[in-house]
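S.K.: Chains A, B, C and D, in that order, give the protein sequences.
For the working numbering, count along the first sequence from 1 and bump the result up by 739.
For the working numbering, count along the second sequence from 1 and bump the result up by 739.
For the working numbering, count along the third sequence from 1 and bump the result up by 739.
For the working numbering, count along the fourth sequence from 1 and bump the result up by 739.
Don't read these hints as lab results, they were simulated from the structure.
Glycine included, C-beta positions come from ideal geometry on N, C-alpha and C.
A hint or two may mislead.
What the hints assert, rightly or not - Cβ-Cβ distance ranges computed for the label pairs, FRET-style: (1) D/A779 / C/H893: 46 to 54 Å; (2) C/G776 / D/D898: 49 to 57 Å; (3) D/E832 / A/A748: 36 to 44 Å; (4) D/D1023 / B/D898: 47 to 55 Å.
What the hints assert, rightly or not - Which stretches of chain B does chain A cover? Using the computed rule of at least three CB atoms under 8 Å from a CB of chain A, they are: (5) 763 to 776; (6) 784 to 797; (7) 825 to 834; (8) 973 to 982; (9) 1046 to 1053; (10) 1057 to 1067; (11) 1105 to 1117.
Number of protein chains: 4
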Amino acid sequence: MNTSDTPHAPEVGAWFIGARGSLATTATLGIHALALGAAAPVGLTTETDAVRVEEFPAIGGIVVGGHDISTTPLDERAAQLAAGGMFPAALVEATRGRLRETEENLRPVPTLTTTQQEEIDLLAADIIDFRDRHDLREVVVIDVSSTEPLPPYHPCFDDDDLLQTALTTPGVRVLPPSSRAALAAIAAGAAYAAFTPSASLTLAVLRERADRAGIAYAGQDGKTGETLLRTVLAPMFAARGFRVQSWAGTNLLGGGDGATLADPEAVRSKLVSKNRGLHALVGDDVVAPLHIDNVPDLGDVKTAWDHVNATGFLGSRVTLQTTWSAYDSALAAPLVIDLVRSLSLATRAGHAGVVPALGCFFKDPWGSDVHGFGDQTAQFVAWVHETAAAVAAARVAAP
Amino acid sequence: MNTSDTPHAPEVGAWFIGARGSLATTATLGIHALALGAAAPVGLTTETDAVRVEEFPAIGGIVVGGHDISTTPLDERAAQLAAGGMFPAALVEATRGRLRETEENLRPVPTLTTTQQEEIDLLAADIIDFRDRHDLREVVVIDVSSTEPLPPYHPCFDDDDLLQTALTTPGVRVLPPSSRAALAAIAAGAAYAAFTPSASLTLAVLRERADRAGIAYAGQDGKTGETLLRTVLAPMFAARGFRVQSWAGTNLLGGGDGATLADPEAVRSKLVSKNRGLHALVGDDVVAPLHIDNVPDLGDVKTAWDHVNATGFLGSRVTLQTTWSAYDSALAAPLVIDLVRSLSLATRAGHAGVVPALGCFFKDPWGSDVHGFGDQTAQFVAWVHETAAAVAAARVAAP
Amino acid sequence: MNTSDTPHAPEVGAWFIGARGSLATTATLGIHALALGAAAPVGLTTETDAVRVEEFPAIGGIVVGGHDISTTPLDERAAQLAAGGMFPAALVEATRGRLRETEENLRPVPTLTTTQQEEIDLLAADIIDFRDRHDLREVVVIDVSSTEPLPPYHPCFDDDDLLQTALTTPGVRVLPPSSRAALAAIAAGAAYAAFTPSASLTLAVLRERADRAGIAYAGQDGKTGETLLRTVLAPMFAARGFRVQSWAGTNLLGGGDGATLADPEAVRSKLVSKNRGLHALVGDDVVAPLHIDNVPDLGDVKTAWDHVNATGFLGSRVTLQTTWSAYDSALAAPLVIDLVRSLSLATRAGHAGVVPALGCFFKDPWGSDVHGFGDQTAQFVAWVHETAAAVAAARVAAP
Amino acid sequence: MNTSDTPHAPEVGAWFIGARGSLATTATLGIHALALGAAAPVGLTTETDAVRVEEFPAIGGIVVGGHDISTTPLDERAAQLAAGGMFPAALVEATRGRLRETEENLRPVPTLTTTQQEEIDLLAADIIDFRDRHDLREVVVIDVSSTEPLPPYHPCFDDDDLLQTALTTPGVRVLPPSSRAALAAIAAGAAYAAFTPSASLTLAVLRERADRAGIAYAGQDGKTGETLLRTVLAPMFAARGFRVQSWAGTNLLGGGDGATLADPEAVRSKLVSKNRGLHALVGDDVVAPLHIDNVPDLGDVKTAWDHVNATGFLGSRVTLQTTWSAYDSALAAPLVIDLVRSLSLATRAGHAGVVPALGCFFKDPWGSDVHGFGDQTAQFVAWVHETAAAVAAARVAAP
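Using the sequences and the accompanying hints, generate a full structural model.
M.R.: Printed below as a string of structure tokens:
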């Protein structure tokens, strides 16, 4: 698997749920381009001066694999994204060989299983096989698939015995795909991150299983564009004692995400997730209408307009409008790489359970009620250095 | 001076250089409106839950005085501002009695003095008289006058003996008004803050005099609108590892400030001050054209448009536009009150010299190279609580 | 009714459906302020150099009356609007006497009638009484009430006999308020304009009645802000041969209109009406998501953001964003006055039936498929001068 | 010259002053791409349904030639523009053969001539040779070179004898390049258009020469982006009777144009030209600060922000912000082709002198004081159809 132009031995596996989508393709191409020196490490939090530690796995030491229901080859998908302007076509050429090598690590999602447990076992077996074949120290599973509609409540979401019965009863289907993938990660002993707002580990019974299994995990819903901006701006209003009255937002996007989020059911979990931080930061009574519109001609560029109205000193009015425009997958892909490196670090340090210090990467941070991006960043920086020091100390202490 | 409806005895003096301008009028009316309970303490950093300590002087305990070359009565100026929409006309009515009382504390700037030292002595005498008449624990002098052109260099800016000779030689005029006002504050033993980008204490020889005198002081140039926003947003780009390529800005404003800044000489110091933080945060090579246009019909509302272009992952483009619109004096006035309270606290705690922890209030923070607003806020919060604790401890220890 | 400071005898009646709402109050106060010389005729199309003719009724010759279910006095409503910043409080003072005189011309909407015909007869009687009492040459009825939900279809909408049966059968309620008001105008022989997107004269059977009655009428849905802007911009793209791919819009507003349009049923007719011109101008396949959000803190100011994406030469991308911010009632009120004057002119010229040349005032112009604002304006200007010339010629010819 | 895949015989010459710049390269590539059917005629006014007439020369019948001081091959320049995203790289491939053929028609600007007349004669000879070699019915010279600083006044600008003396005196240099190029067009009997704001034919004595020579000509300064938008929007404010108080603008651009316009001398004529239409449409007293900033990282995309503040009914405030973002050369290139076709049509119809009906293409229309884009478009449409009818009639009348 290793090629002559890579100085790094395979070290850590990145296993993507939705491995052929825009985001995973961009992340995979990015890992290869960075390993080859064909691109600079711009956009990566883990490569900033404030964060970088040598205990992170080298980018060149990350091997990519994953599941997807699609069969579009990675290099074909990458060429489409390049045509849309996300990255230069030359990068597709530069990484084509490695993208084809990665193809060998991609697996279809099993279908036609009798029970959901059977599917989960097959998924887990793929992950374990990937780890073994590449002799990886650890694997980090990251769910980067499309947003799902939330599943209807079922009592087994709160009862492990009921869950096990349901999973093993032929024909019974209680868990959505994101939760099945999460159980596969748990079964494989892999670290796990939920980059989408789907059900995933939010079901209480699954969260308990993850904790019992002792894996490191984090979530939920990558904080990429408009929400990032909001959690940067809202603390400003709070620090200055303004009363934010309304914060209206409209998102325009095309691409696959635009089509997915045109479905009112799928968009619901997204909208809730997007507004959670805002309410936490400026209060529950802020008026915050929020729309996501599918505008196919905009392609992979997401444009978000926000309008903030606040009351300042002596009742005077303050308004702020922001228009943010960026390729959503290009915002998300480096965060996915940052999460692979961070959960690898956590795993090396023996961390079990949720990692609240990774909140800066998520719209809806598990295990944390800190939403302000500045505070989250400070937490992450501190955690990285503490954890790296612990890893370094353990390495020295080992014989 | 105290009126029957104030529960607070006079405690601290706020002495404004430019006491009849938009900003000082808004701050003065605001102090009275808050003391009377006619307005809520919105927009005040020192009244947020994270900052508030009881060692701050009560708003009702602040007595206002100041110098100005204008003679427009405060209530007339306030009525003009209310007509422009800055605050409700009802607040002018509610505070008219107190504004008229404040008139008695306002003094003209001495003219026709033979030497600059003579003017400084007269200015200082006004401040001392104000303190004595109201029996104030301390006075905080805040320069809120219009931005001056920077003075031509003179060797006495770096040599105390030369300065003293110049100040005492009839007909010689080396120091601009802001620096004379700062020397008056030093002579009166008052704390001092420079809310404008004028020369003020930036001359080395004056800075040394302030340090020798042991006053608490801070500066420079209030961070109110566009610059506040920039120092909130720039750390986001840095934390995420983006390369900011350009950050262009245009400010439209009318009112007195618009007219002042239409003068290319006066605007120069402002533009330098506005861009300093940006360069510190995202690098010296960012392309940052910046304009301030006088648009009289916009009155006291300042509208600022910024356009940021950054490079993200794999060279992908990220653009952000912001349009900020607010009454500039209404943004600045609460910061002036926050500075009065903070420099009063510093003085009570025996702080001598520059107070770097007040950097969150300034575009160009003296004594600090921290420009990110989040970090500055964290510093300020920590400083307030430490300093308040020291004051409280001293009070307990005293007989 | 005439006051000593008015040089104009009562000439024409303006009868507002929704006479106590924001829009009618602004129009009424405006008529009085203009008549008194307390305001300049800014914002009136009929007072621009290109349009003004002396055959228009003088503003001072317009007498205002109307129906409303509310009982809030006009001067109280006007004071609320002034407090929100729509116009200076001094104008309320200047017109208070006349607003109180206008009160005498306002009538409640009849309730508890046995049949809808009975209600229509009572409404018509009020209009006739108004005309007689003030000895008016003609009355123009303008529906400026809140947007209604569209009524469910009923066969009588297409059959005059069925309609008459329904109207006269006790307890049967088939017509919505806007259509009953329109029938009252027809019965009173008054000219009529529909300034809202409600059902009104869009029902075929009512349209035929209006035509048979020979009244001049026009509609529908005042073209005030975002839609005005769109029908100005869309012809530019068409003239230059661009392909507009998407035109997304978000409207934020508070006030009464915001609350009304927060109702999904009421908003439906509004959204359809708003997008009709856009599709006519740039094609049916443009992607045009459109939202109206109720944001109470914004009060009567409506803020609309539009994002246009077009393809230009060789496939290059052109994007345009617009943010329009204005007091919606202040945009609409002068158009209402323009319509009173224009329909008065049409009536004087003996015009019977729809007046397509008034399309520049409407989002959804009856009798016209011209949507571009420039073309509509040219039509209106030509029509005014032709019609005025006809009136002048008839006056000369008369003995 | 004709290639087997072109059904059109050479018919008309387009001679570009600045033939290797971004704009001419885009226009040249566009002509070839359209002729080959590799691109759709989007963005061309002369291909809209309202305008198209068969008397226009076929796109495939246009032969391109020109002068330039640069020697960069067209296909290399085109590849650079494609890399910047202006058009797909595939179009460069599709037209490479034709671009290389065009190379043979490009000539350097003569240098080291003793007199300016000598240079003009050489330039004219190049144009005549081009016409003869390709057996063209007429040639249209279009100045698309960079904006020049305006020349200092010289008496010969108003006196033909003085001019002739100056032009023929060795070492005397009075005319800037744009005016020399215009004289060459006159000498060659070619139609002429000034697409830049340079001196060109604005010198009275040159204008007279053009009129005496009987060529068809038009100018000045292509109306592409922000100014187009302004002349679309300003008539809306005027039609509705608003008083526009201020119209502030900021343009950000990189590319060659950004660098040129960073020179304060060069930008002066541009700024004057840009604001002329605005003042004509909304009055001379509008406050209209305008900036052009060189922002290299934005490349060929120009982003323009405008802020309009107007007073409406009863003094209420209306604000409009627009952000326009487009590849400037892609906006301009189709207009250049439209001008070639329109001046060809004028020439065929025997039109001598300025063509005021082409005002819709220019910021500063020669021979016209109509600035509103809607009115200009109507004029152009009428002129095209009248002129085409005259050409058709003459053709029928001819033996």
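S.K.: Please go over all the hints and tell whether each is borne out by the structure.
M.R.: Hint by hint, here is what the structure shows:
The hinted window of 46 to 54 Å between D/A779 and C/H893 holds, with their beta carbons roughly 48 Å apart. C/G776 and D/D898 have their C-beta atoms about 55 Å apart, which keeps the hinted 49 to 57 Å range intact. A hinted range of 36 to 44 Å holds for the C-beta pair D/E832 and A/A748, which are about 42 Å apart. For D/D1023 paired with B/D898, a C-beta distance near 53 Å keeps the hint of 47 to 55 Å intact.
Counting residues of the segment 763 to 776 of chain B whose beta-carbon sits less than 8 Å from any beta-carbon of chain A gives 4, enough to reach three: the coverage restraint holds. With 4 residues bearing a CB less than 8 Å from a CB of chain A, the segment 784 to 797 of chain B meets the requirement of three and the coverage assertion stands. Here the segment 825 to 834 of chain B counts 4 residues with a CB under 8 Å from a CB of chain A, which clears the bar of 3, and the coverage holds. For the segment 973 to 982 of chain B, the proposed coverage by chain A is satisfied: 8 residues have a C-beta within less than 8 Å of a C-beta in that chain, meeting the threshold of three.
Given a C-beta distance limit of less than 8 Å, the hint that chain A covers the segment 1046 to 1053 of chain B holds, as 4 residues qualify and 3 suffice. Using a Cβ-Cβ cut-off of 8 Å, 10 residues of the segment 1057 to 1067 of chain B lie near chain A, which meets the minimum of three, so the contact claim holds. Given a C-beta distance limit of less than 8 Å, the hint that chain A covers the segment 1105 to 1117 of chain B holds, as 6 residues qualify and 3 suffice.
The structure fails none of the hints (numbered hints given earlier).
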